[in-house]
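Student: Using the sequences and the hints, build the whole thing.
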Amino acid sequence: MTDQDPEDIKVSADSNHEAESQVKSAEQADQPETEDNQLGDLMAKPGAAKSAVDLDRQALQAAEDALARGERVLEEASDAIDGPSPAPQAAGSGRRELVLRVLLALNVVAMLVVAMLPSPQPTTQPTPTEIQEPAPVPRPAPATPTMSEPWNQALRASERRDFKSAVSILEAYIEDKPRMAPSERLSVLSALSFYASRDKDFAKSRLYSQKAMALEQSHSLPEDLVKEAAAAIESGDQEALRRLWARFLLQQRQIPSWLYQHVAQAYLELGDSYRKDANEAEQSARDQELKEAAARLRAEAERRGGK
Amino acid sequence: MIAALLSLLTAMPQGAEPDVFQTRQLQLPGGGARTGVAADKRQIHCLAALRELAKAVNWNLVIESTPLENDLRFASIDLNFADQDPRMVAQLIAVAGGADSIFDEPAGFEGARVTLHVVRVPSGETKSGRQRLRTLAGQWYRSFLHDELQYEPIVQREGVAVRMHLGQLLVDSGDLESAIAFFSDVYDSGPNDSMTSAILKIAACHLDLAAGCVDIGEKNAHYGSAEEWARRVFERPSSRGAPAGAQATILLGRAMLGKARHQEDPLKVLEMARACQDEMQDRVIYLLDSVELMKAWLIAGEAQAVMGRPDRVYQTMMTLRESAYFDELGPAESLDYRYLLGFGALGVGKVELAHAVRWWLSE
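If you read the protein sequences in the order shown, they are chains A and B.
Position 285 (the first sequence) corresponds to 285 in this note's numbering; numbering is contiguous.
Position 245 (the second sequence) corresponds to 245 in this note's numbering; numbering is contiguous.
Just so you know, not all the hints are guaranteed correct.
Capping the alpha-carbon separation at 27 Å, the derived lysine-lysine pairs in DSS-like fashion look like this [what the hints assert, rightly or not]:
no., chain 1, residue 1, chain 2, residue 2
1, A, K164, A, K177
2, A, K211, A, K177
3, A, K204, A, K227
4, A, K164, A, K211
5, A, K200, A, K164
6, A, K200, A, K211
7, B, K127, A, K177
8, B, K55, A, K291
9, A, K276, B, K350
The set of hints was computed from the structure by calculation and includes no laboratory data.
Tutor: Encoded structure:
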């Protein structure tokens, strides 16, 4: 289709040559002029207008020729398509269909067998759950630990622009899995917020967004707990200190190496905390006993003095 | 038909929800095994965590009260650990929820289970509450001294102090044998600021153990140990005249006197009492005038009484009376002083003074 006849090329080359000569003559005509009369060049000149019309006409002619050639090629192609179709191969088609049916049945049986197999038992070593950074813009397919079926369904629904169904699917999913890992829950809530906003249900979108934010903020990292424990020591809040160190020690596997020194510190300060409480209580009890003994002696002395 | 099968498949459960806690048997280096628990769970409340743990390790769970149950429900925690002692985990969860956990060992019949009681934090107002607080402190200190952490700088730095605290907690709880073990660790750990203090505490523990023994042989063994430990203080010349030296002198005197009193052979009693008297007289030279010095004189007086020498007792009590700290004697020491003064006065023929002391003692 892009091929050109030598004649057309010649015409085009001639026209280009003419155009070039026109431009050259115009440049030669421009050269003696000074800056003072440059504004006058903005107006069209009679000779230049004539040569431009010729160029347009030639270009139009070339385009018409090209269109005509294209139409011819299209007609040829159409003839080729509308030509006699290959004869249907009646022989052997029944056998092929039978084979296909058998294969389909075998496929279904294989699926059944796979489904009947026992699900893998959870290992004694729990797999560490990655803490996912919240994406600035929620995406329909966030990086979840496993691409579960509800996720895929919701994704397909969103591709069909059926955001209401996507929301329903994920809502059911989150309700069915109350023990969902926080990172996954965070992703689901973010996706729900996104789908709800696309469905123009902004109230629901805001609700899920708030839930996601609350979940994200409720998770205390070990370094936060260490900072809070330091604050509790400063304020002398022994009860808070004990709670914080206990929470810290319950997540030992996600304590980074640079914070590991605080494990020993946690044990030490837990011990110190209970010991101080015991000693203070012992001292208070002793003071109380002394006060009571003094009161008894005073009463005895008064009784004897009265006699 | 295929559609029906597929719908049946989708209706089938896709595997049970995994348990929060997983348990496994861990082989110990010296043989035997222990149960370790692992968990990886975010945002679980303490009540649910305790229930799941009890289920995982087959315990009964008893929560003290409904308000405590509610408090535990409101406290949320993250779990991420492996191969931990389930009892330690239960304690940590309880502490995170502002509570305490106590274990009831299973009864002696087959199928009996451990019962985990979750209770409020003990109150220091009661004696049992204070005892529980000491036990808890001891538990955490033991965790601090755990083998896995021994190379941590904080353990290297604070290990001696923690052992001393732990020993004292055990003394306060009455577990003297265990306390001696921790004080001995401090002594064995090489020169440190707490070494002399540890020696004195070991000697004191042996004296208390001797006082509680019924068996004479065992009693004397503890007195012997107390004497041995007290003498170690004098091996350090800097301790001789220091407060530690005064305390060691008193402990040494009590140990020697105790041993002398519990000899079957009267000659041996006499010999040991004399040794005690001589030791005290030699040691008090190094001591400054203080309450401790008076205590040393009292021990010397008791030794002289065992020797049957009231004249020396009277003399010793007269010396003691001259101390500027006489009025600072405690009730027990005052009583000892009165008794020994009366004994000495009677022996030297000062009957009026003896009667006066007798009246004084009856008050």
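Student: If a hint holds in the structure, say so; if it doesn't, say that too.
Tutor: Results for each hint:
Taking the CA atoms of A/K164 and A/K177, the gap is near 20 Å; set against the 27 Å cutoff, the hint holds. Proposed proximity of A/K211 and A/K177 is supported: the alpha carbons are some 16 Å apart, at most 27 Å. Our distance criterion of 27 Å between C-alpha atoms is broken by A/K204 and A/K227, whose separation comes to about 36 Å. Our distance criterion of 27 Å between C-alpha atoms is met by A/K164 and A/K211, whose separation comes to about 19 Å.
Proximity of A/K200 to A/K164 is assessed by CA-CA distance (about 9 Å); at most 27 Å being required, the pair is judged to hold. Between A/K200 and A/K211 the alpha-carbon distance is near 18 Å, which keeps this suggested pair within the 27 Å criterion. With a CA separation close to 48 Å, the supplied pair B/K127 and A/K177 exceeds the 27 Å bound. Taking the CA atoms of B/K55 and A/K291, the gap is near 50 Å; set against the 27 Å cutoff, the hint is violated.
With a C-alpha separation of about 53 Å, the suggested pair A/K276 and B/K350 falls outside the 27 Å cut-off, and the hint is violated.
Comparing the model with each numbered hint stated earlier shows that hints 3, 7, 8 and 9 do not hold.
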